[in-house]
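Undergrad: Each chain is listed here by its residues.
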Amino acid sequence: MGAVTQRYATIPCFLLALLPAWLCAQSIPKEIDIDQFIQQVFQQQSEDINYEDAYESLYQYYTTPLNLNAAGREELQNLYVLSPLQIDHFLKHREENGLLLSIYELQVIPDFDKATFDKLLPFVIVENNEKPNNPAALLREVIQGDNTQLLTRYGRVLETKKGYETKKYLGSPDKLYLRFRSSHSKSYSLGFTMEKDSGEKNSWDPSHRTYGADFLSFHFALFNRKKLKSFVLGDYQLQFGQGLLLGAGYRFGKGAEPVTTAKRNNLGARPYTSVLETGYFRGAAMTYQLNRSIELTGFYSGKRMDGNTEAVDSLFGDYDAYVSSLQYSGYHRTASELGNKGVLKERIYGGNVSGSFLRKRLHLGITGLNTNYSLPVLKADKPYNLFEFSGTNNYGLGADYSLLLHNFNFFGEYARSRSGGQALVTGFISSLAQNVDVSFIYRNYERDFHTFYGKAFGENTRNINEQGIYWGIKIVPFSKWTVAAYYDRFWFPWLKYQVDAPSSGQEAMVRLTYSPAKKISLYGQFRSQEKAKNALENSSHFNTPEAAIKSNGLLHLDFLAGEHLAWKSRLQFSSYQQQSKTSYGYYLMQELSVNYSGIKASMRYALFDTDDYDNRQFAYEKDVLYAFSIPALYGKGVRFYLLTQFRISRNIDLWVKYAFTEYYNVTTIGSGLEEINGNRIDEVKVQVRWKL
Amino acid sequence: MQYLSKISFLIPLACMPLTLQAQTDLFSHGARASGMGNATTVLKDPWAAVNNIAGIAGIQKISFASTFETRFGLSSLNSGTFIAVAPVRKVGIGLSLSRFGDELYNEQAIGLGAAHTIHQVSLGLKCSYFQVCAPEMSTKSAVILEFGGQIEVTKQLSFGAHLYNASISSLRIGGDKVPLPMVMKAGLGYAPHKKLLLTVETFKELAYKASFRGGLEYAVIEKLKFRTGISTHPLVNHFGVGFRHLSFSADYAFSVQTVLGAVNQFTVAYQLKSR
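Protein sequence lines, in the order shown, are assigned to chains A and B. Residues in the first sequence are numbered consecutively from 1, following our numbering. Residues in the second sequence are numbered consecutively from 1001, following our numbering.
Looking at chain A on its own, in the form it has when it is part of the complex:
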């Protein structure tokens, strides 16, 4: 009773003091915040990250905010906004003072400054809701819930690519996408997706495993029904431990948030709604809460994968053919791509046991999974493939932990695959002082460790043949200034593609941010990476790898003027040096965003100039909701886009994006079937969303 009356005494004062400020804050367009946030968290130059999934995940919190009264440590860490110290203080506050009454109560918590609050605001909420507990209530929620939406998207490149002129692309150049989703985070999720890439054909063709659309995805999930923590039927993804055996679709990699993104969090089974036609499971998964401390998860997946098959020689006995390479692009445009569609059947089953002990300070988990292929997989007979997986069966068994000791959060995972190859990733994140956060990761993935769905921390995109140590640090030396940096040292004990010897390398990044006011952010970043690559001589069979140094820098300004206007300006420059030859890249862009009475528009103009493909410039672009645009620009040219969003009615939103890239002094763009005659490529995207 005493605690409650004490709280009632403090809250009104805060409300009175803060109300006017928050009223202003709330009207700042949220879309701009999430873009800025994503740019902050994502690594500057990388094409392999499943941005769509990460965006989806963050967007899920944005549209169905995380309930601070029910959130655990891992869920808070998953927002990547709060430092370990802030999370500690928050949980302590909630434990000592009971559930939060309102979001403004965050201001009472030590170390929760205004900047943190602003970054957190779009993703969280404070509520004490009841979830629907019977089928009737659930159905009502699906029909009436805020979060039922249908989205359709159309996209097209206006110029004709060679693949259409030569009729090698079997389908039309239109890119179609349809998505239905009804969900309430913590309660249920239902959705389906249909998609067709440019050049693909929508048809009913069971022999090529096409049933209407080229890509179909469906899921139905229930959460928190008494002892059933989650149940997913359809397409899903799994994330346990540090993601060594089961890492969900996205991975932030090394980026400008060097501390919070170092630790992965146990997310269990979640619906998969991306259209990246790879990296997910199809079947069923269930997590059962055995008691207050222990959870059991079991899952099964059976799906088909695309692959290049070769006729067999006598080696494999029972089989007609083997798969020489798996295809992950998801493209089925030409007859040969279509012929590779779904040739390999994959069956996976496995489980996880997770427990929290010592008042949630210690988490332990054990994961196991077994994978079977219908055809043997055998990679090309090259020296760098010597220790790669081959055969029809792989299993992995591993254990993970997470331990809170004083202000250190230790974590790690160990796993072993059927081949006998082992892998270990372990480290810690910590708030050493009120304004200093650090992270450290050690990893050792043996050259014969095979994990198909692992996405743990590393330099390579797959967790194999890598050892490394990583330090990350974030300091707030004075108010308004932030310094973030990381250093990574890595070794590759065996050969790699285009690296004909064991090699090593290192990478360092520093980012300095100055934020004189909430609406203004000015930052500069420099990153340099040294990695070995085969030297370009043709003389011998074994090329000697030489160190190649890739450096890039950027300067960025984000400015919000009032509520209706935002300006973004960015300068990027890079250099690539190998064998005493250096080449450069440059990118300069200006982007203006306006927001006025239901209409939002963003316009960007950029000039780029790179000497070669190694210096290609990536610049994250705004795009229609759920779509991602991070074009790689190389050569000399102009990039322009105009993105508009209209609120047609309370329930209907319309997006239109028009973009073009015009190259200087070239007569064709692209190569092979993607080639375009001319020096310009124009693209249009239209999207409509109905909120039901």
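One thing to keep in mind: the hints can contain errors.
[Unchecked claim] Chain A regions said to be covered by chain B (calculated; three or more residues, Cβ under 8 Å):
(1) 200-207
(2) 555-568
(3) 601-614
[To be verified] What follows is a set of in silico ranges between Cβ atoms, one per label pair, in the way DEER data are often shown:
(4) A:Arg-489 <-> B:Val-1220: 35 to 41 Å
(5) A:Val-684 <-> B:Lys-1223: 30 to 36 Å
(6) A:Ile-549 <-> B:Met-1137: 44 to 50 Å
(7) A:Lys-114 <-> B:Arg-1089: 35 to 41 Å
(8) B:Ile-1118 <-> A:Thr-544: 55 to 61 Å
(9) B:Ile-1118 <-> A:Ser-528: 35 to 41 Å
(10) B:Gly-1261 <-> A:Gly-678: 41 to 47 Å
(11) A:Asn-665 <-> B:Asn-1078: 27 to 33 Å
Think of the hints as simulated: they come from the structure by calculation, not from any bench. In this text, a Cβ means the ideal position worked out from N, Cα and C, and glycines have one as well.
Here the structure of chain A is known, so what remains is to put chain B in place on it, guided by the hints.
TA: Just chain B now, kept in the frame of chain A:
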């Protein structure tokens, strides 16, 4: 015919060496700009009408100015520009008239632009009619669109960006499309107090390597200012001085590059008293 093909090379390729720095065009941009290494995207003065149209947004009084530039002692490379700026309600309007060259080859442009400030952001738009004349060729012309923006980030820090030839305009010469320079520049300005201004800028013309510039302006006494600057690609040193008395001002700038020589620019301006 040989002369004609020479002309078609002249416009895009020759902009750079003829003005001693990568430039949007061959015209003069004011002695203040030249004295400060041409790091001018953040400047707010009447000459912003040709440097970054957003800079005329806050103009309070009607001004006229004229500049004349001689290059390397060759009279065929002389150029001159006349500008007039005025505030019309809350919008700054600017007019510019420029000329370069002699009877054998000359370029002219007339442009009109407007700029407005919303909160701390100034946005401007300019439209110019650009023309090239040479004896063996009919007059070629194009319309060039420019966008400019400036932001007062803090009381001491300002940002500016300018996009020249947003319309990607080109000239049709003998069946070929000769692209006019496509330029984007962005820069920061730091003014710790009223007497001192430091500017830095990156200048990117699509056809060439990016160049960087820095400029400094110091008011020794209220009426007298000294300027200096450096620009790269090619490497040029700049010096300038400006004098102001009541409604009149006069500026002089001198820039020098090791191989090509020196460029002199002299500017006079008159500001009407506000009513």
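Undergrad: Output the indices of the hints that this structure fails to meet, ascending.
TA: 1, 4, 5
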